[in-house]
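Q: Take the sequence shown: its position 84, counting from 1, is numbered 86 in this note's numbering, and each next residue is one higher.
Calculated from the structure, these hints are not laboratory results. What you are looking at is a predicted structure, and each value in this text was computed from that prediction instead of being measured. Glycine included, C-beta positions come from ideal geometry on N, C-alpha and C. Some clues are possibly wrong.
[Claimed, not checked] Computed list of lysine to aspartate or glutamate pairs in EDC-like fashion (alpha-carbon distance at most 20 Å, straight line): (1) K74 <-> E57; (2) K31 <-> E61; (3) K31 <-> D12; (4) K74 <-> E120; (5) K31 <-> E86; (6) K31 <-> D53; (7) K107 <-> E72; (8) K107 <-> D94; (9) K71 <-> D115; (10) K107 <-> D53; (11) K71 <-> E86.
[As the list claims (entries may be wrong)] Distance windows between CB atoms, simulated: (12) N27 <-> S112: 20 to 26 Å; (13) V47 <-> M125: 45 to 51 Å; (14) D115 <-> D53: 18 to 24 Å; (15) A60 <-> E15: 34 to 40 Å; (16) H33 <-> M125: 37 to 43 Å; (17) G16 <-> L116: 33 to 39 Å; (18) L116 <-> E15: 30 to 36 Å; (19) V30 <-> D76: 44 to 50 Å; (20) D36 <-> Y118: 18 to 24 Å; (21) V30 <-> V80: 44 to 50 Å; (22) R39 <-> S111: 39 to 45 Å.
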Amino acid sequence: ESAEGCFAYDCWEGHAMLPELDVTNHDVKQHIFDVARFWLCEVGVAGWRLDVAYEVSAEFWSEFRNVCKEAKHDCWLVGEIIHENYNTIVGDGMLGSATNYQLSKAMWSSLNDLNYGELTWSMQREQ
3 ESAEGCFAYD CWEGHAMLPE LDVTNHDVKQ HIFDVARFWL CEVGVAGWRL DVAYEVSAEF
63 WSEFRNVCKE AKHDCWLVGE IIHENYNTIV GDGMLGSATN YQLSKAMWSS LNDLNYGELT
123 WSMQREQ
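Take the sequences, apply the hints, and build the full model.
A: Structure (structure tokens):
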């Protein structure tokens, strides 16, 4: 509760529509998994685009992947990554793919500004 006695919660970077969830809490985690199963099995979505994936542990994403693959073996999981190395949450037993805004910007810079150093650095950091 807030100081005024109203319901309150932590939100991501001040965005009230994006509550922070404690994925280390068993009940919270199970609720997320139940929601994922519902949308995959009952509604028939093809997969999930996972915002702010870089701020959630790799262990959680591995468990989330297992839940989703059990529910729908061919589902696709894409995590949003801003600056981090995508290898931490993408790969065998993890998410299938990730956004790569840093590489996208580096490609734009190399083509438009002839800034090949940024592209080289961005490619090397992914190895």
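Q: With reference to the structure, classify each hint as holding or not holding.
A: Consistency of the hints with the structure:
1. Restraint check for K74 and E57: not satisfied, since their Cα atoms lie roughly 25 Å apart, outside the 20 Å limit.
2. Between the alpha carbons of K31 and E61 the distance comes to roughly 12 Å, so the proposed pair stays at or under 20 Å and holds.
3. The suggested pairing of K31 with D12 holds, with an alpha-carbon distance near 17 Å, which does not exceed 20 Å.
4. With a C-alpha separation of about 39 Å, the suggested pair K74 and E120 falls outside the 20 Å cut-off, and the hint is violated.
5. A distance of roughly 24 Å separates the Cα atoms of K31 and E86; the hinted pair therefore is violated under the 20 Å criterion.
6. Proposed proximity of K31 and D53 is supported: the alpha carbons are some 16 Å apart, at most 20 Å.
7. Pair hint K107 plus E72 does not hold up; C-alpha atoms about 35 Å apart against a cutoff of 20 Å.
8. Straight-line distance between C-alpha atoms of K107 and D94 comes to about 27 Å, which puts the hinted pair past the 20 Å bound.
9. The straight-line distance between the Cα atoms of K71 and D115 is roughly 42 Å, outside the 20 Å bound, and the hint therefore fails.
10. For the hint linking K107 to D53, the alpha-carbon distance of about 19 Å falls within 20 Å, and the restraint holds.
11. A threshold of 20 Å between alpha carbons decides the hint, and for K71 with E86 the separation of about 25 Å lies outside it, so the pair is violated.
12. In this structure, N27 and S112 break the distance hint of 20 to 26 Å, their C-beta atoms being roughly 44 Å apart.
13. For the pair V47 and M125, the supplied restraint of 45 to 51 Å is violated, since their beta-carbon distance comes to about 32 Å.
14. The hinted window of 18 to 24 Å between D115 and D53 is violated, with their beta carbons roughly 29 Å apart.
15. Checking the proposed 34 to 40 Å range against A60 and E15 shows it is violated: the Cβ atoms sit about 21 Å from each other.
16. For the pair H33 and M125, the supplied restraint of 37 to 43 Å holds, since their beta-carbon distance comes to about 39 Å.
17. Distance hint for G16 and L116: a CB-CB separation of about 38 Å, consistent with the stated range 33 to 39 Å.
18. In this structure, L116 and E15 meet the distance hint of 30 to 36 Å, their C-beta atoms being roughly 34 Å apart.
19. Between V30 and D76 the beta carbon distance is about 27 Å. The supplied range of 44 to 50 Å is therefore violated.
20. A hinted range of 18 to 24 Å is violated for the C-beta pair D36 and Y118, which are about 48 Å apart.
21. Judged by the Cβ atoms, the range 44 to 50 Å given for V30 and V80 is violated: they are separated by roughly 22 Å.
22. For R39 and S111, the Cβ-Cβ distance of about 41 Å falls inside the hinted range of 39 to 45 Å, so the restraint holds.
In this structure, the earlier hints numbered 1, 4, 5, 7, 8, 9, 11, 12, 13, 14, 15, 19, 20, 21 are contradicted, and the remaining ones agree with it.
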